[in-house]
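Protein sequence lines, in the order shown, are assigned to chains C and D. The opening residue of the first sequence carries number 170 in the working numbering; numbering runs sequentially from there. The opening residue of the second sequence carries number 491 in the working numbering; numbering runs sequentially from there.
Hints may contain errors.
In the BS3-like style, the derived pairs of lysine-lysine whose C-alpha atoms are separated by at most 30 Å in a straight line are [claimed, not checked]:
{"no.": "1", "chain 1": "D", "residue 1": "Lys572", "chain 2": "C", "residue 2": "Lys248"}
{"no.": "2", "chain 1": "D", "residue 1": "Lys681", "chain 2": "C", "residue 2": "Lys172"}
{"no.": "3", "chain 1": "C", "residue 1": "Lys325", "chain 2": "D", "residue 2": "Lys572"}
{"no.": "4", "chain 1": "C", "residue 1": "Lys176", "chain 2": "D", "residue 2": "Lys529"}
{"no.": "5", "chain 1": "D", "residue 1": "Lys740", "chain 2": "C", "residue 2": "Lys294"}
{"no.": "6", "chain 1": "C", "residue 1": "Lys176", "chain 2": "C", "residue 2": "Lys214"}
{"no.": "7", "chain 1": "D", "residue 1": "Lys681", "chain 2": "C", "residue 2": "Lys293"}
{"no.": "8", "chain 1": "C", "residue 1": "Lys294", "chain 2": "D", "residue 2": "Lys704"}
Ranges of calculated distance between the beta carbons of each label pair, as one might list FRET restraints [said to hold, decoys possible]:
{"no.": "9", "chain 1": "C", "residue 1": "Val183", "chain 2": "D", "residue 2": "Asp790", "range": "53 to 61 Å"}
{"no.": "10", "chain 1": "C", "residue 1": "Lys294", "chain 2": "D", "residue 2": "Thr773", "range": "31 to 39 Å"}
{"no.": "11", "chain 1": "D", "residue 1": "Ser571", "chain 2": "C", "residue 2": "Leu462", "range": "51 to 59 Å"}
{"no.": "12", "chain 1": "C", "residue 1": "Leu462", "chain 2": "D", "residue 2": "Pro515", "range": "33 to 41 Å"}
{"no.": "13", "chain 1": "D", "residue 1": "Ile699", "chain 2": "C", "residue 2": "Thr233", "range": "33 to 41 Å"}
{"no.": "14", "chain 1": "D", "residue 1": "Thr773", "chain 2": "C", "residue 2": "Pro404", "range": "20 to 28 Å"}
Derived from the structure by calculation, the hints contain no laboratory data. For each residue, glycine too, the CB sits at the ideal point set by N, CA and C.
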Amino acid sequence: MAKYIAKRVALAIVTLLVLTSVVFVLVRLMPGDPFSSDKMTPEIKANLEAYYGLDKPLAEQYITYMKNVLHGDLGYSMKYESQTVNRIIADSFPYSADLGIRSLCFALFFGLILGIVAALNRGKKLDFVCILIAIIGTSIPDFIMGSVLQYFFGIKWQILPVAQYTSFKHTILPSIAVGFYTLASISRLMRSSMLEVVSSDYTKTARAKGLSDFRITFKHQIRNAITPIITIMGPTVASVLTGTFVIEALFAIPGMGKHYVDSINMADYTLVLGMTIFYGAFLIVSILIVDILYGIVDPRIRLSGKKR
Amino acid sequence: MAEITKEQFKVVGKNTKTMESISRPNIGYWQDAWRRIRKNKIAFFSLCLIGLYVLMAIFVPMFSKYDIATQSVAEMNQSFSKAHWFGTDSLGRDLWVRAWSGARVSLTIGFAASIINAIVGSIMGGISGFYGGKIDMVIQRVVDVLYGIPSLIVTILLMVVVGNGVHCLILAMCCVGWIGGCRFVRGEVLKLRESDFVSAAKILGVPDIVIIVKHILPNIMGLIITNLTMAIPGAIFQEAFLSYIGLGIKPPNCSWGVLAKDGIAQLRIHPYQVFVPAFLICTTMLALNLLGDGLRDAFDPKLRGTE
C-alpha cells in the first residue's frame with residue numbers, strides 16, 4: 170500500500186511539473202502581450218517589462234518563477250494593478266468551490282437514487298423514465314441547460330433569480346446546470362452496477378434468510394454497488410469544476426472561471442499561469458486522494474497494486 | 491400388420507459433394523452487425539437522423555438564397571416565418587442557413603477530431619500493448635502524465651496559441667484527445683496478445699504487422715467504432731464550449747456553439763434564437779449516444795442471436 174501511494178504521489182508531482190512547464194511556455198507563445206495599448210510608449214513598456222522581469226532570458230524567468238511557486242508565491246497580476254495572483258485566487262475560488270460542492274452533492278444524491286430506483290424496477294416504466302432522464306442528461310451541454318433553466322425558471326415563471334450568487338435561492342439554478350450531466354452519468358453507472366449486484370448470489374442468500382427488501386437493498390446491495398462510483402469520483406470532480414467555467418459567466422458568479430477566461434483574453438501571463446497551476450494542482454491532488462481512498466476502501470485494488 | 495422388408499427401402503439420392511455444403515449465405519461479422527443495428531429501431535433511427543443532418547449541412551448552405559453573413563436591418567429578430575424558416579438573429583441574418591452552415595463546422599470538427607484521435611490512439615495503444623517492454627514504458631508514462639492534466643485547460647491554452655478556425659480547433663483537441671483511445675486499445679491488445687490464435691500465428695511465423703492487421707485489429711474494430719461514436723458528442727460539445735467562451739470560430743463564420751452564444755445574449759426577448767441551436771446540438775448528441783449504445787450491442791458477439 171505504501172508503495173502504491175508513493176508511486177501515485179511521484180506521478181502527481183511529475184504531472185504538476187510538466188503542466189507548469191508546458192503552460193509557462195504556451196503562455197509566452199500567446200499572441201499579444203499584457204502591456205500593449207494605444208497610449209503605451211516604448212520606454213514605459215520597456216520599464217514595465219523590466220519591472221516584471223520579462224526582459225530576462227526565458228530560462229532565467231523560468232527558474233525564478235519556479236522558485237517563487239515552490240514558496241507558494243504566484244506573483245503579481247500584470248493587468249490588475251498591485252493585485253497578487255494569490256489574492257485574486259483567494260477571492261474567487263470560494264465561489265467556484267461552493268458551486269462545485271453544491272452541484273456535486275446534487276448530482277450524487279439524485280444520481281444514486283435514480284440509478285438504484287431504475288435497477289430495482291428493471292424493465293418497468295420507472296426504469297424507462299430513469300434511463301430517459303440519464304440519456305437526455307448526457308446529451309445536453311451545461312451552458313444550454315443553464316440558459317434553458319434561466320429562461321423557464323427565471324424569466325418565464327419568475328420563481329428563481331436569473332443571476333448573481335448571494336443567497337440559497339441564487340445557488341439552485343447554477344448547481345443544477347453544472348450537476349445535471351454528472352447526475353446522468355452517475356445514474357447510468359449506478360444502474361448497471363446495481364443490476365449486477367441484484368442478480369448476485371449473496372442477494373439470493375440474504376433473501377433466502379428472509380431479510381426485508383429494505384434491509385437487503387441498504388445493507389447488502391448499495392454498499393457493494395457503490396464502489397464503481399468512487400472510482401469515477403476523481404474525473405467527476407474535474408468535470409464538475411470545469412463545468413463551473415461557463416456557468417459562472419452565464420449566471421454572473423464572480424468565481425475562478427470568469428477570471429481565467431478574462432486573463433487569457435487579456436494575456437495576463439502571471440494570472441493565467443497562477444490559475445492554471447492552482448487549478449491543475451487542485452484537480453491532480455483531488456484525483457490522487459480519491460484513488461488512495463479507493464485503495465483503502467477496496468482491498469482488491471491494494472492486492473493488484475502489490476502484484477505489480 | 492405387413493412385414494417390413496429391406497427391399498421396400500431404397501436410397502433416394504445421396505450426394506456426398508453437396509451434403510456438407512452450407513445452404514444459407516454466410517454472414518460475416520460486419521453483415522451481422524449491420525443486420526442487428528437495422529433491427530434496433532432506436533439506433534437505426536439515430537443513424538438516419540445523423541445522416542439527415544449531414545445531408546442538410548452539405549446541401550442547405552449550397553442552395554439557400556441567403557448566406558451566413560448578409561445582414562438586414564429590416565428583418566431583425568424575426569420569429570419563424572415562410573421566408574426565414576428558423577427566423578433571423580439580432581443582425582437580421584437568416585438562421586436557417588446559419589444553423590446548417592454551423593452544422594457543417596460543428597459536425598466536421600466533431601467527426602474529424604474523434605476520428606484522428608481514434609486513429610492516433612489506436613496506433614499508440616497498439617504499439618504500446620503489442621510490443622510491451624521499453625516502448626510501452628515510455629508511452630505509458632507520457633500517457634499517465636498527460637492524463638492527469640485537465641484536458642480542457644490544455645485545449646484552451648492551445649487554442650489561444652494556435653489561433654482561431656476549424657483546423658486549429660481540431661489540432662488543439664487532438665493534442666490531448668488521443669489518450670483515452672490509447673489506454674483503451676492498449677488494454678484490449680494486451681488481452682488479445684496472449685490469446686491462442688495469436689500464439690498460433692506467431693508459431694507459424696506470421697510477421698508482426700500481419701498479426702496486428704489481420705488478427706488483432708478485426709477483433710477490436712467494433713469496440714473502436716463504438717468508442718468513436720461515443721467520442722463524437724464529446725468533441726461537438728467541446729467545440730461548442732470553446733466557441734462559447736470566445737476561443738473557437740470567429741464571426742461571421744458560425745458553429746452551433748457560436749449560435750448558442752449569440753442566442754443566449756437575446757434570451758430574455760427572443761428565446762427561439764437559443765432553442766434552435768440548442769435543439770440541434772442536443773438531438774445530435776442524443777442520436778450519437780443512442781447509436782453508440784446500439785453499436786455496442788450490435789458488435790458484441792455474445793449477444794448474437796439473442797433478440
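Given the hinted pair lysine 176(C) and lysine 214(C), is their alpha-carbon gap at most 30 Å? Judged against 30 Å, a Cα distance of about 46 Å means the pair is violated.
Between serine 571(D) and leucine 462(C), does the beta-carbon spacing fit 51 to 59 Å? holds (58 Å)
Satisfaction of hint between lysine 294(C) and lysine 740(D), Cα-Cα up to 30 Å: Violated: lysine 740(D) and lysine 294(C) sit about 46 Å apart, past 30 Å.
For the pair supplied as a hint, lysine 176(C) and lysine 529(D), confirm whether the alpha-carbon distance does not exceed 30 Å. With a Cα-Cα distance of about 49 Å, the restraint between lysine 176(C) and lysine 529(D) is violated, given a limit of 30 Å.
Using the C-beta atoms of leucine 462(C) and proline 515(D), is the stated range 33 to 41 Å upheld? violated (55 Å)
Given the hint of 53 to 61 Å, check if valine 183(C) and aspartate 790(D) actually sit that far apart at their C-beta atoms. Hint violated: Cβ distance 38 Å, outside 53 to 61 Å.
30 Å limit on alpha-carbon distance, applied to hinted pair lysine 681(D) and lysine 293(C): violated (37 Å)
Pair hint lysine 294(C) and lysine 704(D), alpha-carbon separation not exceeding 30 Å: violated (45 Å)
Verify the CB-CB distance for lysine 294(C) and threonine 773(D) against the hinted window 31 to 39 Å. violated (24 Å)
Quick check: does the Cβ-Cβ distance between isoleucine 699(D) and threonine 233(C) fall within 33 to 41 Å? Given about 50 Å between the Cβ atoms, the range is violated.
When you check the alpha-carbon spacing of lysine 681(D) and lysine 172(C), does it fall within 30 Å? Answer holds: lysine 681(D) to lysine 172(C) is near 26 Å, not above 30 Å.
Does the alpha-carbon distance linking lysine 325(C) and lysine 572(D) stay inside the 30 Å limit? holds (27 Å)
Figure legend: structure checked against the earlier numbered hints; hints not met, in rising order: 1, 4, 5, 6, 7, 8, 9, 10, 12 and 13.
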